[in-house]
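Take the two lone chains, each set in its own frame, and fit them into one complex as the hints suggest.
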Amino acid sequence: MPIRKVMKANEAAAWAAKLAKPKVIAAFPITPSTLVPEKISEFVADGELDAEFIKVESEHSAISACVGASAAGVRTFTATASQGLALMHEILFIAAGMRLPIVIAVGNRALSAPINIWNDWQDTISERDTGWLQFYAENNQEALDLILIAYKVAENEKVLLPAMVGFDAFILTHTVEPVEIPDQELVDEFLGEYEPKYAYLDPSRPITQGTLAFPAHYMEARYTVWEANENARKVIDEAFAEFEKRFGRKYQKIEEYRTDDAEIIFVTMGSLAGTVKEYVDHLREQGIKVGAAKMTVYRPFPIEEVRALAKKAKVIALLEKNITFSVGGALFQDFSRALINESEKPKIVDFILGLGGRDVTFRDLDEALAIAQKALNGEAVDEVNWIGLRKEIL
Amino acid sequence: MAESPFKADIERVQKEYSEKMTPGAIATIPGSSVVNKTGSWRVFMPEFNRDKCVRCYLCYIYCPEPAIYLDEENYPVFDYDYCKGCGVCANECPTDAIIMVRETK
Chain A
1 MPIRKVMKAN
11 EAAAWAAKLA
21 KPKVIAAFPI
31 TPSTLVPEKI
41 SEFVADGELD
51 AEFIKVESEH
61 SAISACVGAS
71 AAGVRTFTAT
81 ASQGLALMHE
91 ILFIAAGMRL
101 PIVIAVGNRA
111 LSAPINIWND
121 WQDTISERDT
131 GWLQFYAENN
141 QEALDLILIA
151 YKVAENEKVL
161 LPAMVGFDAF
171 ILTHTVEPVE
181 IPDQELVDEF
191 LGEYEPKYAY
201 LDPSRPITQG
211 TLAFPAHYME
221 ARYTVWEANE
231 NARKVIDEAF
241 AEFEKRFGRK
251 YQKIEEYRTD
261 DAEIIFVTMG
271 SLAGTVKEYV
281 DHLREQGIKV
291 GAAKMTVYRP
301 FPIEEVRALA
311 KKAKVIALLE
321 KNITFSVGGA
331 LFQDFSRALI
341 NESEKPKIVD
351 FILGLGGRDV
361 TFRDLDEALA
371 IAQKALNGEA
381 VDEVNWIGLR
391 KEIL
Chain B
1 MAESPFKADI
11 ERVQKEYSEK
21 MTPGAIATIP
31 GSSVVNKTGS
41 WRVFMPEFNR
51 DKCVRCYLCY
61 IYCPEPAIYL
71 DEENYPVFDY
81 DYCKGCGVCA
91 NECPTDAIIM
101 VRETK
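Top line first, the protein sequences correspond to chains A and B.
Position 130 (the first sequence) corresponds to 130 in UniProt numbering; numbering is contiguous.
Position 84 (the second sequence) corresponds to 84 in UniProt numbering; numbering is contiguous.
Derived from the structure by calculation, the hints contain no laboratory data.
There may be inaccurate statements among the hints.
As the list claims (entries may be wrong) - Below, a list of computed lysine-lysine pairs in the BS3-like style, where the Cα atoms sit at most 25 Å apart:
| no. | chain 1 | residue 1 | chain 2 | residue 2 |
| --- | --- | --- | --- | --- |
| 1 | B | Lys20 | A | Lys158 |
| 2 | B | Lys20 | A | Lys234 |
| 3 | A | Lys347 | A | Lys277 |
| 4 | A | Lys250 | A | Lys197 |
| 5 | A | Lys197 | B | Lys20 |
| 6 | B | Lys15 | A | Lys197 |
| 7 | A | Lys21 | A | Lys250 |
| 8 | A | Lys314 | A | Lys347 |
| 9 | B | Lys37 | B | Lys15 |
Claimed, not checked - With the C-beta cut set under 8 Å, the calculated list includes, among others, these residues of chain B facing chain A:
| no. | residue |
| --- | --- |
| 10 | Thr22 |
| 11 | Pro23 |
| 12 | Gly24 |
| 13 | Ala27 |
| 14 | Thr28 |
Note that the Cβ used here is the ideal one computed from N, Cα and C, for glycine as well.
Bound-form chain B, shown alone (with noise of 0.2 Å):
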């Protein structure tokens, strides 16, 4: 799986909110949204099949989190910290290439 490009963010606000917090939990950085993993709350989670996959980037693009990126060759990268599970993806999905399947852990 490819890094997330959004590592170096994470490392960064991770170090400055695991120091002292503030009076009123005031967030005194932008980028809280990459430390607070947002994917917990999911019930339902995307299964990608490479094989039916056209590259067609519908759910790169349509995805709200945006909780999808690229690799290296142009298939999209499913980041299970941030996806809620809305199922937006699969149903964009032109060859059925997503499904959205019960979590199990």
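The following block holds chain A by itself, in its conformation from the complex (with noise of 0.2 Å):
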């Protein structure tokens, strides 16, 4: 029977990281996520995870011995933050490149500078161009099966891509909330022993990983990444649905609330998707028709399901927590690119709200809404507008 406990994120991606049995975990502490090794460390202490924990002197170090890790064939873990996330980044490209399952859990917070340990996305969307999947978990319970499922999806023969699980700084990693820790024995079910058909130490049959590539081969490597990111969106789709059958909790790649006869969608991700759910169903109490929209997938991009749920919607109000110099937030360009050649479109409206930890309360959401109902209207609004900004400081 699947037990009920009370944790925090980060004991949840830990508990995760247990269940995936990983035969390597090397991690450096990071302010939010230092809490997610510290429980692993104790697990294997204890015996109850039969792995290697590698007590690294940096993240750049920490991904590099799961890379080392990976390559000789076995399942392997870490997670960081931030600037931590920041320094692996080179590494991050070699992973994908040597198409390695790795898994990461982030818990995400804002880049410096100045110096903020605080929630916004900023770290994993910077990493949105290194060929990871990305996922985001809304609560507790998402961290932990996103994290089953991004094994399910990295390890599946057409993907072999790494993955990162995102779940929000503090808001998540340090709140405490019920969560369903699955049976051991069906978790094996669903992700199976990690059996690597290319990339493995076998003295028996050397072969060369991490390869130099000349003119005539490196564009046909990328184009590898590219296929594989996009195979993965069908992957994700069947993980997803034995998820679904296995443990009973439903996933999509985009999660729709109340969306059906909206005339303006607000669509976010992470755990701010819980209080736009929320701020959706006092605005239907008002009889305003308005939905919301969860990007549970990120990488690869669901370009299929943004052009659904953009037939529904005469405005899409999008929420982000980061920002794309020059283009606004990262989902602004993600999906003008999924909508440019529709024919009909909704008006794409920007918000950047929440940066480095800042409340979105339902205030805010009234002056993105404000904008947004002027949009539905046909007035002019700004592309990209800041929302809850101090401007008396400025």
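Written out as structure tokens, the structure is:
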């Protein structure tokens, strides 16, 4: 029987790692995800997890150790956040290029300067071009589940790409919620043993990994990473379906909430989705036709699902805790790409909010709604809007 | 010019690598170095004067690649597909039978 325990998302991520039975975990402590490797090191020390726990001197080394271990053919895990993820940056490309199904838990945190340990998505969003799959959790249960699903997708032969699962710093990492821990046997059946077909260490069949590619081969190698990302869309759907069958919890690349007759749809990711759903309920009571949509999967970007969502609304209001300079938020860029050649498309209005852990309240969302309603009425509005900005101190 | 002693290897590896790319661009058999022609980034190339050569083999011994092999009469043969133009052979040659000249295409 699955047990329910009250825990933080950091502990949920550690439990997910324990259930997935990685053979090597390499990690360096960083706020807010420090508790993840701490908890895993307890599991290893208590003999509950049979794995090598490597204490490294930086995140650059942590991910390098994971690349080495994964190339040797075992399941690996690490956790990080913010500057730590940024320090992993160059190795993230290597992991994806070498097609190693490493999984990272990321406590989504703002990037310096100024130094800030609180939540936004700038760390993982900045790594969107590395080739890694990206999942975003709304709550602690999703943090656990999505890590298991991430392994399932990453290790699929048609994908073989590393994956990161983001959960919001402090809002989730340090907040307790009841989390259902699935049965080990069911997880074993769901994930199976990791049996690498290509990347493994076998002295009787020597291979070269991390090869040099001349111009004659490099482009093809990069194309295979693109192709694997494209394949991942279908594999993710299959993994979600199988997860639901086994564990009863349903996941979708884009989860829609009260979108059926909505004129304005708020689109967001991570824990903010909970607030926005609540806000939609609040507006619906007043008879305002709004809906919400949550991006569970950000890479590969669910283009078809976005197109289907866009058909339902007159205005898409993107609520983003990241900033891509000159463009607005990263979602704005991705939504534009998905809809640019559609004959009928809704207006897209971008909202930057909640950076560096600033609370996103109903009052902020009212501010966004007012702008979205103007767009709905055909009035001219700014494409990119900063919400909750303290203009008086600027 | 004598035939490269690596001809069979080159053909075998070329065949393997013309087939489907493995995930992660893994080289599944040894020998990719004979396919990747590393001579392409050379600036200076060794020019050989057979009349001055005393067949001491110093160039053959010192070539770090090795891109020099010996023909039937034990004269050195330069494999320009792999010679990077480092000039060690010219430097070691006691009779100046090898000189480095700027590569022209």
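Okay, the hints, checked on the actual structure:
no.: 1; hint: B:Lys20 - A:Lys158; in the structure: holds (15 Å)
no.: 2; hint: B:Lys20 - A:Lys234; in the structure: holds (23 Å)
no.: 3; hint: A:Lys347 - A:Lys277; in the structure: holds (21 Å)
no.: 4; hint: A:Lys250 - A:Lys197; in the structure: violated (30 Å)
no.: 5; hint: A:Lys197 - B:Lys20; in the structure: holds (15 Å)
no.: 6; hint: B:Lys15 - A:Lys197; in the structure: holds (22 Å)
no.: 7; hint: A:Lys21 - A:Lys250; in the structure: holds (23 Å)
no.: 8; hint: A:Lys314 - A:Lys347; in the structure: holds (6 Å)
no.: 9; hint: B:Lys37 - B:Lys15; in the structure: holds (15 Å)
no.: 10; hint: Thr22; in the structure: holds (6 Å)
no.: 11; hint: Pro23; in the structure: holds (4 Å)
no.: 12; hint: Gly24; in the structure: holds (4 Å)
no.: 13; hint: Ala27; in the structure: holds (4 Å)
no.: 14; hint: Thr28; in the structure: holds (5 Å)
Going through the hint list in order, the structure does not satisfy hint 4, though it satisfies all others.
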